[in-house]
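A.B. asks: Residue numbers (this note's numbering), protein chains in the order written: chain A, 1 to 107; chain B, 1 to 289; chain C, 1 to 254.
Below 25 Å or equal to it, Euclidean Cα-Cα: the simulated DSS-like pairs (lysine-lysine) are:
hint: 1; chain 1: B; residue 1: Lys77; chain 2: B; residue 2: Lys99
hint: 2; chain 1: C; residue 1: Lys121; chain 2: C; residue 2: Lys228
hint: 3; chain 1: C; residue 1: Lys121; chain 2: A; residue 2: Lys84
hint: 4; chain 1: B; residue 1: Lys140; chain 2: A; residue 2: Lys38
hint: 5; chain 1: B; residue 1: Lys120; chain 2: B; residue 2: Lys46
hint: 6; chain 1: B; residue 1: Lys234; chain 2: B; residue 2: Lys120
hint: 7; chain 1: A; residue 1: Lys69; chain 2: B; residue 2: Lys99
hint: 8; chain 1: B; residue 1: Lys120; chain 2: A; residue 2: Lys38
hint: 9; chain 1: A; residue 1: Lys84; chain 2: C; residue 2: Lys228
hint: 10; chain 1: B; residue 1: Lys99; chain 2: B; residue 2: Lys289
hint: 11; chain 1: B; residue 1: Lys234; chain 2: B; residue 2: Lys140
hint: 12; chain 1: B; residue 1: Lys265; chain 2: B; residue 2: Lys46
hint: 13; chain 1: B; residue 1: Lys140; chain 2: A; residue 2: Lys69
hint: 14; chain 1: A; residue 1: Lys84; chain 2: A; residue 2: Lys44
hint: 15; chain 1: C; residue 1: Lys121; chain 2: C; residue 2: Lys68
hint: 16; chain 1: A; residue 1: Lys84; chain 2: C; residue 2: Lys227
hint: 17; chain 1: C; residue 1: Lys121; chain 2: A; residue 2: Lys93
hint: 18; chain 1: C; residue 1: Lys68; chain 2: C; residue 2: Lys124
hint: 19; chain 1: C; residue 1: Lys45; chain 2: C; residue 2: Lys58
hint: 20; chain 1: C; residue 1: Lys58; chain 2: C; residue 2: Lys48
hint: 21; chain 1: C; residue 1: Lys124; chain 2: A; residue 2: Lys84
hint: 22; chain 1: B; residue 1: Lys98; chain 2: A; residue 2: Lys69
hint: 23; chain 1: B; residue 1: Lys14; chain 2: B; residue 2: Lys244
Just so you know, these hints were derived from the structure itself, not from any lab.
Given next are the chains, with one letter for each unit.
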Amino acid sequence: MLFFNWFLKRMMVMPGYIANYGYTDGSGDYYIVVDTDKCDGCGKCVEVCPQDILEVITDDYDDLVIVVKEEHRKNLKYVCAPCKPVSGTRDLKCQISCPNEAITHSW
Amino acid sequence: MTTEYFRWTEYNWKDPDIDWHKADTLVAGIDVGSVSSQAVVLADDKIYCYCNTRTGSNSPDSARNALNMALSGTDIKQDDIQFIVGTGYGRVNIPMAKKAITEIACHARGANYMGGPTIKTILDMGGQDLKGIHCDERGKVTQFLMNDKCAAGTGRGMEVMAELLQIPIIEVGEMSLAVDEEPPPVSSTCVIFAKSEAIGLLRSGWTKNMVLAAYCSAMAHRVVGLLERIGIEKDFTITGGISKNIGVTSRILKELGGIESIPLKPDAQIAGGLGAGLFARDLLIKSRK
Amino acid sequence: MSIAGIDMGAQSVKVVIVEDGKIKGRGIVPTGFEPLESAQKALDKAIKEAGITREDVKQIIATGAGRKSVSFADRSITEVTADAKGVTSLHPSVRTIVDIGAEEARGISCDAQGRVLDFAKNDKCAAGAGAFVESMARALEIKVPEMIQLSLKSTQDAPINATCAVFAESEVVSLIHSKIEKADIAHAVHDAIASRVSSMVRRIPIENDVALIGGVANNVAIVDVMKKHLGTELVIPDKPEFVSALGAALSAAA
Chain A
1 MLFFNWFLKR MMVMPGYIAN YGYTDGSGDY YIVVDTDKCD GCGKCVEVCP QDILEVITDD
61 YDDLVIVVKE EHRKNLKYVC APCKPVSGTR DLKCQISCPN EAITHSW
Chain B
1 MTTEYFRWTE YNWKDPDIDW HKADTLVAGI DVGSVSSQAV VLADDKIYCY CNTRTGSNSP
61 DSARNALNMA LSGTDIKQDD IQFIVGTGYG RVNIPMAKKA ITEIACHARG ANYMGGPTIK
121 TILDMGGQDL KGIHCDERGK VTQFLMNDKC AAGTGRGMEV MAELLQIPII EVGEMSLAVD
181 EEPPPVSSTC VIFAKSEAIG LLRSGWTKNM VLAAYCSAMA HRVVGLLERI GIEKDFTITG
241 GISKNIGVTS RILKELGGIE SIPLKPDAQI AGGLGAGLFA RDLLIKSRK
Chain C
1 MSIAGIDMGA QSVKVVIVED GKIKGRGIVP TGFEPLESAQ KALDKAIKEA GITREDVKQI
61 IATGAGRKSV SFADRSITEV TADAKGVTSL HPSVRTIVDI GAEEARGISC DAQGRVLDFA
121 KNDKCAAGAG AFVESMARAL EIKVPEMIQL SLKSTQDAPI NATCAVFAES EVVSLIHSKI
181 EKADIAHAVH DAIASRVSSM VRRIPIENDV ALIGGVANNV AIVDVMKKHL GTELVIPDKP
241 EFVSALGAAL SAAA
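Please construct the entire structure, taking both the sequences and the accompanying hints into account.
C.D. replies: Next comes the structure, spelled out in structure tokens:
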């Protein structure tokens with residue numbers, strides 16, 4: 001089983017996973033979705049986020065990926081609010097900065 | 001002494017046929033959750049013993065307590081265990097663990113071990129969170145979503161209702177099914193609002209069974225909403241404490257259109273600890289090379 | 001000619017009776033489990049205070065979460081419209097309104113005529129509204145007024161779960177166990193609510209003067225932390241819980 005994993009890592013890209021960071025409460029669903037197949041941990045999104053909510057970590061499968069920081073995960077609706085005014089254009093800096101389109105928002 | 005309606009019996013189990021002294025690897029996984037903790041010990045790739053206990057006020061104590069309980073009735077000492085992996089709510093602090101792995105990865109691994117390689121979708125209903133996990137045939141996570149912001153749909157939410165209605169939590173499921181007709185659900189968006197609704201319903205003549213049915217229905221609805229966000233692929237299974245509440249699980253399966261849920265043996269509540277133990281075994285073997 | 005505005009809130013029904021744009025009477029009754037009955041009682045109270053009879057009330061306008069259920073109202077308007085109308089009638093300089101109720105909080109941007117330009121809201125989550133204060137008061141085994149006073153005496157931050165009132169409630173026991181003062185817990189709760197509400201309000205343009213209304217505006221601890229979080233002074237109308245009902249009554253003047 002372990003050899004199989006090693007083999008896969010060597011011979012081809014290990015399939016990633018789709019991570020939904022955020023929450024649902026009475027007022028809606030608020031998730032930042034990271035496709036780790038596309039995320040290579042470059043960190044551009046981390047730099048451009050005005051609220052500093054993202055960070056690069058090494059996950060359980062030893063890949064560099066971005067995650068939403070623990071202290072902001074349950075407050076996404078509020079902490080992402082500056083980039084999402086009620087009226088006006090939305091400029092999701094994190095989404096735009098990603099060269100591989102790995103990030104989407106559910107709201 | 002006041003009755004604590006949220007109490008369920010803590011327990012441990014040991015396999016009577018395995019002689020751990022003959023095992024090549026002896027490892028453990030400890031899962032300290034927000035409400036309950038489990039420790040699972042594996043001799044080679046078989047479950048040797050495990051326990052399910054209530055989490056205390058701090059995680060190192062809870063971890064120690066869980067491990068001791070799992071080992072009680074065996075002749076294993078903590079030092080005999082060659083590798084321990086910790087997991088749980090927010091990674092917690094498990095001092096005897098050599099490595100910490102996320103509860104998501106551990107749950108997928110544990111469910112895959114117990115339910116088999118066809119398991120694709122796992123719903124975990126924990127004490128203070130809800131998780132939807134997709135995995136592949138090896139138990140590796142392919143998608144996940146966790147909601148731990150809100151009590152609606154969690155064990156704590158169920159405890160609130162059990163306390164309000166003064167019913168032991170282990171009886172909630174059966175009671176909720178003992179109704180002539182399925183009543184409309186209460187608010188599924190907030191436990192506090194659902195609680196006020198429940199009080200009103202009781203006053204207007206609803207029986208406790210009906211209120212429980214409405215509440216389980218609301219919980220099922222909320223959970224299905226979360227699952228639909230990531231999609232449901234067969235085979236489907238449920239883990240966590242509420243997997244033992246038939247009032248909620250039966251309604252979930254109904255709302256999902258009659259899909260079946262693969263039962264997990266020996267215990268759906270140990271998926272996290274078991275997965276952690278399996279990771280411990282992998283890491284031990286890797287370190288020996 | 002008297003006009004009644006009824007605000008069917010989640011926790012209480014508020015009624016304001018106006019005549020020629022002036023407040024003549026008010027009535028407030030807990031919504032309870034028979035909202036229509038409570039609305040009637042609140043209306044009767046306001047009528048009594050105004051010293052008039054039911055027949056003198058020529059129009060009834062409803063607002064609030066339960067406005068559609070007021071069968072005896074002539075029409076209904078949204079809470080946002082009612083808030084804007086009510087506040088600007090009392091304080092014409094206000095351009096931003098924060099309304100914190102038992103179960104919902106709103107942020108409204110309006111113009112000098114009381115017309116709504118923009119709004120944001122948090123609803124259906126007890127952690128961002130008055131319900132959080134009450135559930136924590138229960139957990140701390142004190143009454144809300146005492147909790148408010150204690151909160152003002154707090155000396156340091158307390159680590160509470162600010163995202164769910166139920167989770168926070170279950171943490172109280174272990175917090176007290178770790179010798180955290182009730183005053184600090186009380187303050188942390190108020191701070192958590194203010195933080196959520198302020199973040200919500202920041203989704204709309206914030207322009208002075210900023211008003212705070214709703215039942216929770218009576219909570220001096222909330223007012224205190226809201227000022228800190230928003231970084232502005234706050235205008236608090238007299239009897240802030242009635243402002244929405246007032247706005248509903250005034251909207252009939254056409």
